[in-house]
Each structure stands twice: as structure tokens, then as C-alpha cells.
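A.B. asks: Here's the letter readout for the chains.
Number of protein chains: 2
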Amino acid sequence: MKIGLFGFGCVGQGLWKVLHETKGVKAEIGRICIKNAEKPRPLPAHFFTTNPDDILNDPDIDIVVELIDDAETAFRLVSAALKQGKSVVTANKKMIAHHLPELHALQQKTGASLLYEGACCASIPIIRNLEEYYDNDLLTSVEGIFNGTTNYILSKVFEENKTFDEALQLAQENGFAESDPRLDLEGFDPKYKLCILLLHAFGVFVEPEAVFHFGIHRLNAFDAEFARRRGGSLKLVARCYRQGDQVGAYCIPRFVPGNHRYASVRNEYNAVTLESAFSEQQVFVGKGAGDKPTGCAVLSDISALRYQYKYEYRKWQQNGSFFNTSDTELQLYVRYSTGASVADADFTEITERFMSGDTHYTIGRIPVRKLQRAAWLSDPRVSVVEIN
Amino acid sequence: MKIGLFGFGCVGQGLWKVLHETKGVKAEIGRICIKNAEKPRPLPAHFFTTNPDDILNDPDIDIVVELIDDAETAFRLVSAALKQGKSVVTANKKMIAHHLPELHALQQKTGASLLYEGACCASIPIIRNLEEYYDNDLLTSVEGIFNGTTNYILSKVFEENKTFDEALQLAQENGFAESDPRLDLEGFDPKYKLCILLLHAFGVFVEPEAVFHFGIHRLNAFDAEFARRRGGSLKLVARCYRQGDQVGAYCIPRFVPGNHRYASVRNEYNAVTLESAFSEQQVFVGKGAGDKPTGCAVLSDISALRYQYKYEYRKWQQNGSFFNTSDTELQLYVRYSTGASVADADFTEITERFMSGDTHYTIGRIPVRKLQRAAWLSDPRVSVVEIN
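For the record, the sequence lines run as chains B and D.
First residue of the first sequence: -7, per my numbering; consecutive thereafter.
First residue of the second sequence: -7, per my numbering; consecutive thereafter.
Hints listed in this document are in silico derivations from the structure and should not be mistaken for laboratory results.
In this text the structure is predicted, and so the values were computed from the model without any measurement.
The reader is advised that the hints may include incorrect statements.
Examples of chain D residues toward chain B, derived with CB under 8 angstroms [claimed, not checked]: (1) LYS15; (2) GLY16; (3) ALA19; (4) GLU124; (5) LEU130; (6) GLN235; (7) SER256; (8) PHE270; (9) LYS279; (10) VAL360.
A virtual CB, placed ideally from N, CA and C, is assigned to each residue, including glycine.
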């Protein structure tokens, strides 16, 4: 098997190294397409090209591995490779989440395989398990800590008493933050993963725009202290679920008690919890960020291509479900400063109010539908946390 | 797909129910072979037979599901079914662990598929993941809490302050203890699972007799207090690992600190931790005992047979490793009563000694090779715990 590689950053270089270390996977990298020809590279020049066609049109290359940053360029390259009948491995969650219907159709049309395990929680084999192991319809929910960067930041805040600013800086120094930190902090990244899992868990195509998400960017020392006093910490949790034939999804910071299974999921580790009628809770924990864990998933995808593995999208084939989060009610802590106009009318029920100096909070139930439309949520003086 | 079922206990009945509830798996149970024809059954009489040949010789039956208690009878039935070219699903770990070489050879010879996900940690899809996802040779260890009954007992002791006797009784009342409780308590059951995982993780056939195991049957209130004072609890942990081309394995109670990932693995839940060069730690958590979690695994195996799935035993094919635990040293707490003659000479190093009244303990390092031969370990006044 000959691989054409797009991008030669950390993950790409790690992949090169491990392909030479492992006996199990008989595949070699034939050509590497890079953007910047001037950068010094650790391999001989003949491996590199700046022309994508040197990979796309090379009949000796069976597998295209796409590891570049830009989602739209990635989509063009991946589409072109599939159209050439080449198998593709990618870890680009933003690209996949925004183009799932097209990518699915392209696979159906060309018969080529597109694998993207590295796009969801890096080293955790969640897509493969949803495809292969949980392919009966007993699954009721998939949720978890899907973003390594925010989990790293929250761990530093709760376990090492760093401020949120210090923790973000540490994450950046350790290479965990994306080039655009908003993708992580505001919860876009876990939402992209949620969109991918919605298809493999429940068989529905959902646009990222349709899913409510709220990140950790507004959390402050008061919120952290609130969680500590309740005997726990905060985690950014993304969740999708089925009730009857309706499927819902959202992503929001959640209060987690100290003895909860997520409490020991620290730093860049991710966790995915599956609930099913028969096996109840199943939890997968593993590194969810960093070049090595992502490289590990990419390698396993390459390895699966030796056996012509492809996603069958069986849940989509069986599916009679539709996406509709709106009626779901969340029990929320809404913290705000004097002057921010949190709409009491959006609450179905209010159970607690607090005020001290400039800091207020309200605890109560709000339907996700109202959160999606709530103008007050865009006020930077407001933060929300799901509590139980 | 038509199923012939051997045994109609809890798991069998659960399987019947769920096959009628799920849309995903198009399979029906055609015939059920039972031992006792007199017992009242919840299904019409025409489903039942006491003659195995009514299943084995029925050409309409594609899949044999074996869910009986007795390991040797199970082996005969499973072998006969494979020889008839039928696919087989079983959850009988004792049978599999004792007959892996024959069962492997039978699959090679007949081309029939034998699946047994339910035999290892019930609902946790560990065999499938080792086969499919971790099939490169970067894996360095597989360990975890492989026995739901002992974990249930230890949870009751540490979280609800039950005595070991009360906790065992609770486990039996809740249906977690096997018909022979020694299999669980003395660590045979997790050792059987270890033998199965040794083949799928590292490609070696290992007889159960070759693996050192020690259960929780000797633990007492003093040992529990020792763990509590160190800020943690005790878990029965089975472990296999590779160092160079040598593979080792053992099963022993382990001290687990309060913030450890295993601390939140409670009651009948199991956990499996994989360590690999590239993805570091991966943890799978799920229910490891009970009819429903086992039924869930059996169902997923049946479902996989729709796609002619079989284990490839790739690690065995690539393998250059051999089994040799002997040089591995464990850091142990050895508790004993006056009169029990723990051999100091077996310790490579002793770091702590304690004596109070009739209770003594020694902490130090002992090679597994010496534990395997230590006569003093069979003294009922001695217990051991691995500590770090």
C-alpha cells in the first residue's frame, strides 16, 4: 500500500515515524504534498511536492491521508481523491461536520472508502465501535468530554488552582490549542464531533448550525468556586440522545460531582459514554488531543484499509429518526453581572436565585429551544452551566 | 438468520426478548436445547428440545449460541457446531480459556466463525477492538478490573463499609456470584479472561495454569483499613504486558488511590486499560457481569455474523513473542498472622515491616516467579496486595 500525504505537521511526521516502527502495517508514504516548499524538512526532497496532482493523479498511490489545517481546501482534496477512486483517511472534524452529506454521497457513488476515526476524540475508537459494535438500535445516548483543550484548561483550574487565563496559556504552550482558539473555547470543536457521531450513532445528518453549543469562554473564578462548593468541578460535555424517533444534541459546560466517572478524566483526555437499553453505561477514555493520539487513530484507519474496510452507515439506512432538540429541558445555573438582562420568561421553572454585589445567578429549567434563541446568551457578562 | 440456542437461563431469555425488540438484527431463535424438560418455560413447547442434535443437525440453523454453565459440555457442543460449518457465539470464558488452541484450529480448519465477546468483561467490546483497532504492534499492556463480582464486593466494603462476608452475601443475592463462587473470589475468572486477551492482544496461547493469580478471598478488615489509610481502596486487577519479545501476565488485588481512574469503577462495572506507544492510555468501562450486559455482547456478535465477521487472530500470525512472566517484580504488601511462615528470602528487597498483636505485614519486591512457587501463599493466614 502506498500513501500520498497532504500536510507534514506534527501528526504527519508522527505517522511517518510510526509506519517505520511497526511491523503490523505494511504501508509506506510515497509522496507528501506541502504548502511551503522553503521550510526545512527531515526527509529527502524527492518525497515532497507542492502540486496536489502529483498525489491525486499518481496511479501507484492507493491511499490519501489528509492532515492539513484548512477545512475548505481539505474538502476539495478529499473529494478529488475519492473521485479518483482512492481511499482517504482524514482527521479534519470541521471539514467532515460541514460536508457529511456530500462526503457520504461521494463514497456511495465512487465506492471509495473514507475513514475519519481521528476526527472524533483522537485515539478513542468511537466511530468504529458505533459502526461495528453498537449497530443494533438499542442505543439511547452518546455523550462525553470531546475536547482535549478545554478539558486541559478546566483540569488546570480545578486541580492546580490556576486562573482561566493561566490555564489557557499553559494549553497553548503545550500545543493543545487549535490555531483558532475560539473553535475549542467556544465549543465549536466538540459540536463538530457531535455532528459526526449523530450520523454514526443515530443515522441523522445534522448541520453544525442546528446544534446548540456553549463553551467555557465565559466561565470565571466565581463559577469555579460555585462548582467547588458543590463538591465537584466543571467539564465541557457534548451530548446526543434519542427519545422515541426524535434525536437531540447540545454542548454545554456541566457540573460534575467529585466521585463522577468524568472526575478522573483529566487534562487532554477525552471520555465518551454510551447508554444502551441492554448494556447500560459504557465509557471509553483516551487522549483526545495531540499529534500522537491523532496519529494513532490515523494509523488504525490506514491499517483497516488493508481489509477494504469502509463505514456502512447502517443506522442511516435503517433510520426513521429526525433531529429535534427543542423540547429538551436543561437544569441550568445562569450566572450574570448586574445589567445583563437574563430573561426570566425563558425559564420553565426557577428554583434558586442568588445575588452578591455585582454577581447574580439563577438556577432553573430552560428548554434548549429557548437557549438557541436567547439574545441574553450573547451578552459577555453571562455564563451557563448544566447542573443536576 | 436462524439461531439454535443452548441454554435458556437469564442471558438466553434476555436475548430472546431483545431480538424481538430490535429492528437492527434480523435473526430469530428457531430451537432451544435445554437440560431439564420439566421446568416451566415462558415459550411454547415446540421451541424446546433436550436433544442437541435437533440443533446441530438442523440445516436451517446457521448460528449456534451457547449459553450453558458447564465448560466441558459447552466445548463439545461448540466443537460439534463448528465442525458442521455453523457459526458459533459463546460467552463461556472457562471453556474458551482452556481450549483456545483447539478452538482456533477448528476455526482454521472449518472456516466457521467463533465469536466470544461476551466472555471478556461482558458488555465491553474489548476483543473486537483488539482485533480490529489495535492490530498494529504498538500495544504494550492490557490490564483492568475483569471481574464484576469481586468488584461489587470490594465496592460494598469500601463505599458502604460492609464486611467482606456481608458483601459476598449481597453479591449472591443480586445474582452476581457464579454457581461456584471460588471462580470469582480466588481470581480464576479474571485469569480466564486474561488468557483470552493474551491471544488477541499479543498473539500468544497461554494455558490458565501458567498464569499467576491471587484473588480477594483472603482479604480482611485489616487489609481494607490499610488501603483506606493510604487514601484509596482495593481492586482485583488482571494484567498482561509485553517487554521486548516477552509477554507476561498475572492477576492480583491492587491498591488504587482515591483519584485513580479505577476508583470510580464501581460495583459490577469492569474496566480495561490499554497502553500503546502512540495513544498512551485508553480505558474502556462497562458492566462486566449480569445477564443483560452479557446478552448485549452476544447480540453484537450475532449481529456481526450477518457480515460474515470472524476473528483474524492477526497478532498470532505476526507473532514472534513468547510467554514468560517470571522476571517481573511486583511491589507487594504481604499480610500474615503469627505462625504463618512468609519467606523473607523470596523478597528481592524489603522496605517496610509491621507487627501489632497477631497481625504482621511486610512490604517489598518479589518476582512473580517466586510467587508462583511460594508455598507460604497457600497458607490461609496470608494475603497479598500489589501497591505502588
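A.B. asks: Does the interface hint hold: is ALA19 (chain D) within less than 8 angstroms of chain B, judged Cβ to Cβ?
C.D. replies: Violated, about 10 angstroms.
A.B. asks: Hint check: is the beta carbon of PHE270 (chain D) less than 8 angstroms from a beta carbon of chain B?
C.D. replies: 4 angstroms, holds
A.B. asks: The hint names SER256 (chain D) as touching chain B; please verify it with the least Cβ-Cβ distance against 8 angstroms.
C.D. replies: Holds, about 5 angstroms.
A.B. asks: Under 8 angstroms, Cβ to Cβ, is where LEU130 (chain D) needs to be relative to chain B, so tell me if that hint holds or is violated.
C.D. replies: Holds. Min distance 6 angstroms.
A.B. asks: Hold the hint about LYS15 (chain D) up to the distance rule: shortest CB distance to chain B must be less than 8 angstroms.
C.D. replies: 5 angstroms, holds
A.B. asks: Restraint: GLU124 (chain D) near chain B, CB-CB cut 8 angstroms. Satisfied or not?
C.D. replies: 7 angstroms, holds
A.B. asks: Hey, does the LYS279 (chain D) contact hint survive, CB to chain B under 8 angstroms?
C.D. replies: 6 angstroms, holds
A.B. asks: Restraint: GLN235 (chain D) near chain B, CB-CB cut 8 angstroms. Satisfied or not?
C.D. replies: It is violated, given that the least Cβ distance between GLN235 (chain D) and chain B is near 16 angstroms, above 8 angstroms.
A.B. asks: Do the numbers back the hint for GLY16 (chain D), that is, is its least Cβ distance to chain B under 8 angstroms?
C.D. replies: 4 angstroms, holds
A.B. asks: Taking 8 angstroms as the limit, does the beta-carbon of VAL360 (chain D) come near enough to a beta-carbon in chain B?
C.D. replies: 27 angstroms, violated
Of the hints listed earlier, those the structure fails to meet are numbers 3, 6, 10, in rising order.
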